[in-house]
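As you go down the protein sequences, you meet chains E and D in turn.
Take 0 as the starting number for the first sequence in numbering that gives the first Met the number 0 and just add one per residue.
Take 0 as the starting number for the second sequence in numbering that gives the first Met the number 0 and just add one per residue.
Derived from the structure by calculation, the hints contain no laboratory data.
Be a bit skeptical, because a hint or two may be false.
When chains are identical, the list treats them as one kind, so a pair holds in a single copy or across two.
Stated by the list, open to error - Straight-line alpha carbon distances no greater than 30 Å define the calculated DSS-like cross-link-like pairs of lysine-lysine that follow:
#, residue 1, residue 2
1, K214, K128
2, K260, K128
3, K300, K214
4, K51, K105
5, K300, K81
Since the structure is predicted, the reported quantities are computational estimates derived from the model, not experimental observations.
Read off the chains here:
Number of protein chains: 2
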Amino acid sequence: MSMPGTTDHLTSWHDTATRRSIVEFVERAVADVPVEERVATFDNDGTLWCEKPMPIQGDFILRRLFEMADADPELRDRQPWKAAYERDARWLDDVMTEHYAGDDTKVRTLLGGVLAAYAGISVDEFEAKADRFLRTAEHPTLGRGYLECAYAPMVELLGYLEANGFSNYIASGGGRDFMRPITQDVYGIPRERVIGSATALDYVGDSRGGTITHKAEADYLDDGPQKPVRIWSRTGRRPLLAAGNSNGDIPMLDFTWHEDKPFLPLLLLHDDGDREFDYTSGAEQALEKAAASGWTVVSIKQDWATVF
Amino acid sequence: MSMPGTTDHLTSWHDTATRRSIVEFVERAVADVPVEERVATFDNDGTLWCEKPMPIQGDFILRRLFEMADADPELRDRQPWKAAYERDARWLDDVMTEHYAGDDTKVRTLLGGVLAAYAGISVDEFEAKADRFLRTAEHPTLGRGYLECAYAPMVELLGYLEANGFSNYIASGGGRDFMRPITQDVYGIPRERVIGSATALDYVGDSRGGTITHKAEADYLDDGPQKPVRIWSRTGRRPLLAAGNSNGDIPMLDFTWHEDKPFLPLLLLHDDGDREFDYTSGAEQALEKAAASGWTVVSIKQDWATVF
Chain E
0 MSMPGTTDHL TSWHDTATRR SIVEFVERAV ADVPVEERVA TFDNDGTLWC EKPMPIQGDF
60 ILRRLFEMAD ADPELRDRQP WKAAYERDAR WLDDVMTEHY AGDDTKVRTL LGGVLAAYAG
120 ISVDEFEAKA DRFLRTAEHP TLGRGYLECA YAPMVELLGY LEANGFSNYI ASGGGRDFMR
180 PITQDVYGIP RERVIGSATA LDYVGDSRGG TITHKAEADY LDDGPQKPVR IWSRTGRRPL
240 LAAGNSNGDI PMLDFTWHED KPFLPLLLLH DDGDREFDYT SGAEQALEKA AASGWTVVSI
300 KQDWATVF
Chain D
0 MSMPGTTDHL TSWHDTATRR SIVEFVERAV ADVPVEERVA TFDNDGTLWC EKPMPIQGDF
60 ILRRLFEMAD ADPELRDRQP WKAAYERDAR WLDDVMTEHY AGDDTKVRTL LGGVLAAYAG
120 ISVDEFEAKA DRFLRTAEHP TLGRGYLECA YAPMVELLGY LEANGFSNYI ASGGGRDFMR
180 PITQDVYGIP RERVIGSATA LDYVGDSRGG TITHKAEADY LDDGPQKPVR IWSRTGRRPL
240 LAAGNSNGDI PMLDFTWHED KPFLPLLLLH DDGDREFDYT SGAEQALEKA AASGWTVVSI
300 KQDWATVF
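Using the sequences and the hints given, assemble the complete structure.
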């Protein structure tokens, strides 16, 4: 048990300039900012937990698409079910490659499948499925369960912030209702502080409390400029600290700027192929922006003593 | 200062069956339900504060429409600016009368004006305007400032629930960003727990943190079946207690039903024309439903020793 206000939470961090900038920021925030304004927001995939070789939710969705194609042969000739059924990693890779090159044709095809995959399911059933998957499935290459793919130094950072009066939120492009069943256990973040992408929902009443179900349409995708909008909508605040790792996090990190209060935009750099993965794809502009704006870059290789 | 867990918060309530059902519910919830699941949701207009002769936000919007028409003569021939400029209470009354009769033509006209009234304004500017209005404007007939139009027994109920581990949320058809500047001071409800109707927002980045502005379109109207959807989206929970006063609150009150936990749907009845207002218009189905489902009806006349 760490003492609130001390930095002994950050034991998986090397004593580098990065760690010192975090501690300095937190000490200034505690001194200068009322507790209710101490808000921190975190991207999830690639920031709090591993996103390679594919986002954890991607695995969850592919298994569901496989299951659908297995039950209905007609789906096997249609994307994205075809790729899921044939375990066609190439098609799935192309989705992201073409997305980064500006062509979202395959993204829309994939999204159509994703929305169809859970259309009509109740939020309770969806949560039970996500919960079961997350607590039992294994990462394909790291030799650990998905819930053990959270980064120990980031979990420590969350604890350190909380001990210093911060309210931590997850502002992820991943699905809000997918993450909610495990965020308290893994990150100490309660479900009401999970912001993320969402499908549109429908409520139908009955004499037993009614049911909320997933519709086959997106409510919003919590990425890029939607992140500040969703953070404001949920918290009514501009965060003092935001952490991300990709181009879609740029607006959220920009949004931390304060004229008269300490603020800290953190960008995680995946540069450790031995202990995790080594990639900058999808983070090119974010890294340029970090250099130009003086954001604090967290190097997994240099700043973290332990990764998991 | 009241002791947590005691009922001496509820001093403005008569010792009636209603008050006893509240106390009994809270005691059962404390005994049986983990603290993180103790969620309570409250409608605002007509439930936490007075909504007659018109919702407080209606006055705020009419003043803005008047201001716009004053600056631009062409608007004076167009509804809803015409009604605002001519202080035509009849047209405004007709909006609600026709709405309850199933004709939303005028509602849409009014909504168009409402959305145009703040299009392009930043969320910070909007908040400053709402804050100034709410802290200075007076109720037209009650002889008190709008912030003194909150019901003392309901504010006590919020405090009693909070002292017993509940998280209170406002789930109002009124504007989320309109209420946020005053909910902590008036109700002890922090801004992140304010759910309400919202206009769509836009984020544009710059080197000073960027700006979120109101667009001229609704994001959603938090009423009727949207209330359970928005409560779920924000909290990830089904509330144990919900309080409302009109037909638009029926789904939220239904949504409190639990098979295995105590729950309490509360419907406020405006039956005290001497101390507040006496009306059931817009609450007819809710009152029928309350009688059929055994909801607890709070009579202002009989259950409240003090109203304000």
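To see whether the hints hold, each was checked on the structure:
Taking the shortest Cα distances, K214 and K128 sit within 30 Å of each other inside one copy (17 Å), while across copies they are farther apart (37 Å). Only between protomers do K260 and K128 lie at most 30 Å apart by alpha-carbon distance; the minimum there is 23 Å, versus 42 Å within a single protomer. For the homomeric pair K300 and K214, neither the shortest alpha-carbon distance inside one copy (42 Å) nor that between copies (43 Å) is at most 30 Å. Within a single copy, K51 and K105 get their C-alpha atoms as close as 19 Å, which meets the 30 Å cut-off; across copies the closest is 53 Å, which misses it.
For a Cα distance limit of 30 Å, the shortest separation of K300 from K81 qualifies neither inside one copy, at 38 Å, nor across copies, at 66 Å.
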